[in-house]
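Participant: Sequence:
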Amino acid sequence: FQIGGYEPCTVTDFEVPKKYGLRQTIADTLGVGGIMRGLRTVPHLWNICEDMLAVCPEAIMLQYVNPMAINTWAISEKYPAIRQVGLCHSVQGTAMELAHDLDLPYEEIRYRSAGINHMAFYLKFEHRQADGSYRDLYPDLVRAYREGRAPKPG
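For the sequence shown, our numbering gives the first residue as 1, with consecutive numbering after it.
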């Protein structure tokens, strides 16, 4: 969820720092915009923590909400009993972009990754063939990048 929505809140997270000469690439981290977004988001996550303690105290919170680092920190400080993992959709999103770079349907891609968030690596990145087998796509990716055919615009 994104408290306040993209417009006006997230846009404001970019525009206010810019007005004062502070450049940030995205407002989902620890920059000025991320702090503002965290101040809007953390109280709502704390409400979820209260519900978890009442309903499912042994559950693990899989937290995909940005700014992830600020949010997981705030939860751990106020609710140390809540087991949580801060995650990012970057693995799935990057897989979609790579499939696009190769002109392949994302639904036909299979992958295995190691790491977490923005520090993940694809151990396997494969395309399902007509016979049901899978073909390694790393050679195709390397060739496409070397030949300048990738990355393709979104």
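It is possible that part of the hints are untrue.
[Claimed, not checked] Derived pair list, reagent style SDA-like, types lysine to any residue, alpha-carbon separation capped at 25 Å: (1) Lys152 x Glu97; (2) Lys18 x Val32; (3) Lys78 x Gly93; (4) Lys152 x Ala120; (5) Lys152 x His118; (6) Lys124 x Arg110; (7) Lys152 x Asp131; (8) Lys124 x Arg135; (9) Lys152 x Glu126; (10) Lys124 x Ala144; (11) Lys19 x Pro8; (12) Lys19 x Asn47; (13) Lys124 x Pro105; (14) Lys78 x Glu97.
Think of the hints as simulated: they come from the structure by calculation, not from any bench.
Participant: Each of the hints needs a verdict: does it hold here or not?
Facilitator: Here is what the structure says about each hint:
1. Lys152 x Glu97: holds (8 Å)
2. Lys18 x Val32: holds (10 Å)
3. Lys78 x Gly93: violated (31 Å)
4. Lys152 x Ala120: Holds - the C-alpha atoms of Ala120 and Lys152 are around 21 Å apart, at most 25 Å.
5. Lys152 x His118: Holds. Lys152 to His118 sits at ~20 Å (cutoff 25 Å).
6. Lys124 x Arg110: holds (8 Å)
7. Lys152 x Asp131: Violated, at about 28 Å.
8. Lys124 x Arg135: holds (10 Å)
9. Lys152 x Glu126: holds (19 Å)
10. Lys124 x Ala144: Holds, at about 17 Å.
11. Lys19 x Pro8: holds (16 Å)
12. Lys19 x Asn47: violated (33 Å)
13. Lys124 x Pro105: holds (17 Å)
14. Lys78 x Glu97: violated (37 Å)
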